[in-house]
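A.B. asks: If you read the protein sequences in the order shown, they are chains A, B, C and D.
For the first sequence, counting from 1, position 163 maps to 163 in this note's numbering; every step adds exactly one.
For the second sequence, counting from 1, position 189 maps to 1189 in this note's numbering; every step adds exactly one.
For the third sequence, counting from 1, position 198 maps to 2198 in this note's numbering; every step adds exactly one.
For the fourth sequence, counting from 1, position 248 maps to 3248 in this note's numbering; every step adds exactly one.
If you are wondering where the hints come from, they were derived from the structure by calculation, not from laboratory data.
There's no promise every hint is true.
Claimed, not checked - Simulated crosslink set (DSS-like; lysine-lysine; CA at most 27 Å straight-line):
| id | chain 1 | residue 1 | chain 2 | residue 2 |
| --- | --- | --- | --- | --- |
| 1 | D | K3040 | B | K1027 |
| 2 | D | K3140 | D | K3164 |
| 3 | D | K3259 | D | K3037 |
| 4 | D | K3225 | D | K3040 |
| 5 | A | K7 | A | K100 |
| 6 | A | K100 | A | K111 |
| 7 | B | K1159 | D | K3259 |
| 8 | A | K237 | A | K111 |
| 9 | D | K3140 | B | K1159 |
| 10 | D | K3225 | B | K1159 |
| 11 | B | K1164 | D | K3259 |
| 12 | B | K1027 | A | K7 |
| 13 | D | K3259 | D | K3225 |
| 14 | C | K2040 | B | K1126 |
| 15 | B | K1164 | B | K1126 |
| 16 | B | K1164 | B | K1174 |
| 17 | D | K3225 | D | K3132 |
| 18 | D | K3225 | B | K1174 |
| 19 | D | K3164 | A | K7 |
| 20 | D | K3225 | B | K1126 |
| 21 | B | K1159 | B | K1174 |
| 22 | D | K3259 | B | K1027 |
Unchecked claim - Anything over 10 Å on all C-beta distances counts as not near chain A; from chain B, calculated:
| id | residue |
| --- | --- |
| 23 | Y1023 |
| 24 | D1025 |
| 25 | Y1085 |
| 26 | A1086 |
| 27 | R1118 |
| 28 | S1167 |
| 29 | D1171 |
| 30 | F1172 |
| 31 | A1189 |
| 32 | N1201 |
| 33 | L1204 |
We treat Cβ as the ideally placed atom computed from N, Cα and C, and that holds for glycine.
So you can see what is in the structure, the chains are spelled out below.
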Amino acid sequence: MKIPDLKSQYVWVTVALLAYIIPGVFPLGTGFPMSDTTMEIYDIVQSLPEGSICAIGGSGVFAFDLESSAGTIPALKIMAENGVRIINVPLGTEAVQYEKFLIDASRIETKYGGTHEYGTDWIQFPYIPGGASGLVAFLDDIHAASPADVYGTPLDELPLGRELTNWEDIDLWICPHWGFPTIVQYVTGERGITSISFAQSGAYARYSPYMMSYPGQVYMTNGFLGGAQMEQLVGMKGLGHAAIDAYQVLSLLFVVFVALGNATMLTAGEEE
Amino acid sequence: MISQDPWVWISAILTIFSFTLLYGDNKFFRFAQYTYTAVVVGHSVVVGVQTLQGRFSPLISGQKPMLLISLILGLMVLFVVWRPYAWIASIPYAVIIGVGTGLMMRATLQTDVIGSIRAVIAETGKIFIGSPYDQFGYLIRVTFTIGTMFYFLFTVFVKGTGSKPVSYLRDFGKYALLIYLGLSLGNSAMQYSGLGASAINRLLRQWLGLGG
Amino acid sequence: MGATLTYVRLNLSRVLIIVGALAALGTWYFSVPMVDSVFKEVNAWQINISSFTLFTGLMTISMRYIRAIQRRDSDIWPFQAYALVLIIVWVLMGLTVGMYSDTYQTAYLSTKITLHIAILGQIIFYFTSGAYRTFRIRTLRTAALAISAVLIVALNAPWVQNPFPAASNFAMWLLNNPQMAASRTVVITGGIGSIVLGIRVILGLEKGAQRITEGE
Amino acid sequence: MIQTAVVEQLIRTGRSFQLVFLIASGIAVYYAYNVAKGGKLWDIRPIEALDAIGESIGRCAEMGRPVLVTPGISSMTSSSGGAQMLAGLTVLGEVAQQAASIGVECTTNSSNQQIIIASEAIMRNALTAAGKPELYAPGKYVRWFGGGQFSYAVGCAGQILEEKPGLIIFMGYFLADTIVTGETGARVGAIKIGGTLGAIPFLAMMCDYLMIGEEMFAASALITKDPFITGTIASQDWIKVAATAVMSIGVILYAVGIKTIYTIMGI
């Protein structure tokens, strides 16, 4: 019996339905192991006292950084519940849009019924150019490096802005972007602020040596799996869970399609 | 509940139009394709104008008269679209090629060549420490790296003395490379699978209000 | 072009390539203030020239679209007309409201970033159908490629990792050892290839660079 | 002592060995070039993908379909991608000339705006070399889709659907964008030939013929069919043999506790 060669479109429809649309609407709840690092990160975020300040920042490309959003959104929710204040410090041009998106997606703002008021509980800085040197300038003198927020409002006119002087006001740094090494080097290495990255899987593999260089000060989670673990800890099912569900089905489909391709070749006789 | 925000609708429609590429060439994909090109070009121009303003303002204010050379060289590249004088653009481009080549050579030599060779040598020390599992790993790393080098020989040991044993090493290298390609490819499936979820979930959740 | 002008031009291009490359190398290896300042200057030229190249891109794209609109001989010219209008509208909007205004950000998020996410989301589809077509084991070569890819896809999957927790460590071992070793050889040999190509450029032997700087 | 101090002041710390390596490589290339000029020809192991380029252009002529050569997404001045772009541009020139001489149209594209100028110059030059300078017009053969990785991927996919090339050569610097463009190429029935360093896994899945890693640099010399330039590939091999030898001896010595080679390389 000859197995027909499938057109690519059939493969895609199967993948779309089984791996994405059905689990997207009816989550599968695929189980996954919890990692010690994610637990530690959860404890650190949870233990930040009310009124402390967490910086969210770094540089990256929006569409790829979405992988990091899976872990960052639960972290933002925890901080909002505990009254931790947030400053977004974008070191890349697209980072501005992405960090604003994180606040929107986590629904912590008062306009969404949340607890955080702009200017008092959180501030969005504009793009800080200059890469590492821009970051250092910001850490040394926040008002000099960025006298106004992203909307052009002078920092002195914002209640939270008035409180900011330099790096000593920052209690924790979360990097929800690709570019973690710069943060580790200048924020943790030189100034001793604990840093966390909800790293993309590609970045996790590449930057994990940094984690080993600063035990107890630098933490990273691995890709969507790390995101799913954070989501589980706060009891939500977001992008991390969706990604794990999708991979559960997709990996199976991948194996099935490769086997099918080989069966097609074998049954086709002396094809090619 | 389905979204009321017009921007979410624009976003959803563009996502669907983009996904129609899976079906094949069609007018909806064309629309998305040209929207993408136009927005990226438009954005590049907005950024480019700001960059030029920032870069050449010291010339206009008279602080850096040397910038005149850069300005002239920069204007010369625009001639590329004027067929009879297009050659003028090649002069400033020589600067780009020259500096680019130098920068590439020094970085490649330091990190890719010398840095990697030193890393291979330093890993030898780890073959004798740690668990047998790790030791075997380091042994594989060192032998695979050296073995694969032989695949990339094009003119030596092709014929004559030494060609036979080297051809075995070359074959070994070829299979080591194929295993590397397969493993890297398979491992990236996880990331792209997740990115698929992020695109489709935006539609399901933000636009249609479905799912968790 | 006159013979003298051609002669001057060719040699000027060659000199600029050599000066640019040697300045970049010189300042890296030697601690000589004069070399540093030469590099600083030519590097500034290079950066400034590069910022003008954007406008040549804009000019060539406009020329192509306008030519297509004038001819109207294919069915894509209406899209090109639309793109041309959108570029103009976008630039005007950007320069008027500013790159970090809420209007600009919402527009950018709903178009560019949306399309970026959408195309990234499609990769996995092409990936699966590509694997279906390519990973057919005809030879030992395709066997090595296909088996290693399928193996790692499965080892990373929850349906393997949940019953066999050791799968995760084995996957990491494969990536850190055989995968890393061969990829490092690609880096080393590719690096050597790049350096020799660089030397060919400096010596005026690389055909591509010659065509760019020495053509009519 | 004074001499050593002067040298130490002159050469930056930790880069002496690199400098020696670079100078030795330069001498090797120059020497190989001169030996080739003296008439020496080397046996070069075949690169299947390179041989396939010529045949596929012929096939395009028979089918009346164009060729697309894409050098990818890097700039010329990127330390990771610059060399790959140049190798891709060399191939573009040779393919465009060969194609034009048998009446096949060759188009190209790029993501980075810097490359537009180079590609325009190469197309102009290749058509002139093929004796058909009248065919050239700015913007006719070189496509630009704005400076982003995936605006390039979508634009290139659109270009492939528009032009239906019979042969697509991916030669330069790429990332996951090749999955989109490669699959679109498969859909229009194009032969796909690829060569790059970083994204080889993706090209391995998408291409009919593949140049793995450094093979692309060898190909950029071999495709010119200039025996003198081809001679420089021999020098590339000498450097690799030397590097392999240093690495192997370094590994053995390090294993018995002698770290001399490792240390010297860091001077």
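A.B. asks: Do the alpha carbons of K3225/D and K1174/B lie within 27 Å of each other, as the hint requires?
C.D. replies: Distance ~26 Å between K3225/D and K1174/B Cα, so the pair holds.
A.B. asks: Given the proposed pairing of K1164/B with K1126/B, does the C-alpha separation stay at or below 27 Å?
C.D. replies: Violated, at roughly 32 Å.
A.B. asks: A cut-off of 10 Å on Cβ-Cβ distance, and A1086/B was said to be off the interface with chain A. Does that hold?
C.D. replies: With a cut-off of 10 Å, A1086/B remains clear of chain A, as the shortest Cβ separation is near 32 Å.
A.B. asks: Within 27 Å, alpha carbon to alpha carbon, are K3225/D and K3040/D?
C.D. replies: holds (15 Å)
A.B. asks: Would the least Cβ to Cβ distance between D1025/B and chain A come out above 10 Å?
C.D. replies: Holds, since 13 Å exceeds 10 Å.
A.B. asks: Against chain A, does S1167/B hold up as non-interface, every C-beta pair farther apart than 10 Å?
C.D. replies: Holds, since 27 Å exceeds 10 Å.
A.B. asks: Given the hint that K3225/D pairs with K3132/D, does the C-alpha gap stay at or below 27 Å?
C.D. replies: holds (21 Å)
A.B. asks: With d taken as the least Cβ-Cβ distance between Y1023/B and chain A, does d exceed 10 Å?
C.D. replies: violated (7 Å)
A.B. asks: Regarding the pair K1164/B and K1174/B, is the alpha-carbon distance no greater than 27 Å?
C.D. replies: Holds - the C-alpha atoms of K1174/B and K1164/B are around 15 Å apart, at most 27 Å.
A.B. asks: Starting from K237/A, check that the Cα of K111/A is at most 27 Å away, please.
C.D. replies: holds (22 Å)
A.B. asks: Take a quick look at whether K1027/B and K7/A sit within 27 Å of each other, Cα to Cα.
C.D. replies: Between K1027/B and K7/A the Cα gap is close to 21 Å, so the pair holds against 27 Å.
A.B. asks: Decide if the proposed pair is consistent with the structure: K1164/B and K3259/D, CA atoms, cutoff 27 Å inclusive.
C.D. replies: The given pair, whose Cα atoms are some 33 Å apart, is violated under the 27 Å limit.
Hints 1, 3, 5, 7, 9, 11, 13, 14, 15, 20, 22, 23, 31, 32, 33, counting from the list given before, are not met by this structure.
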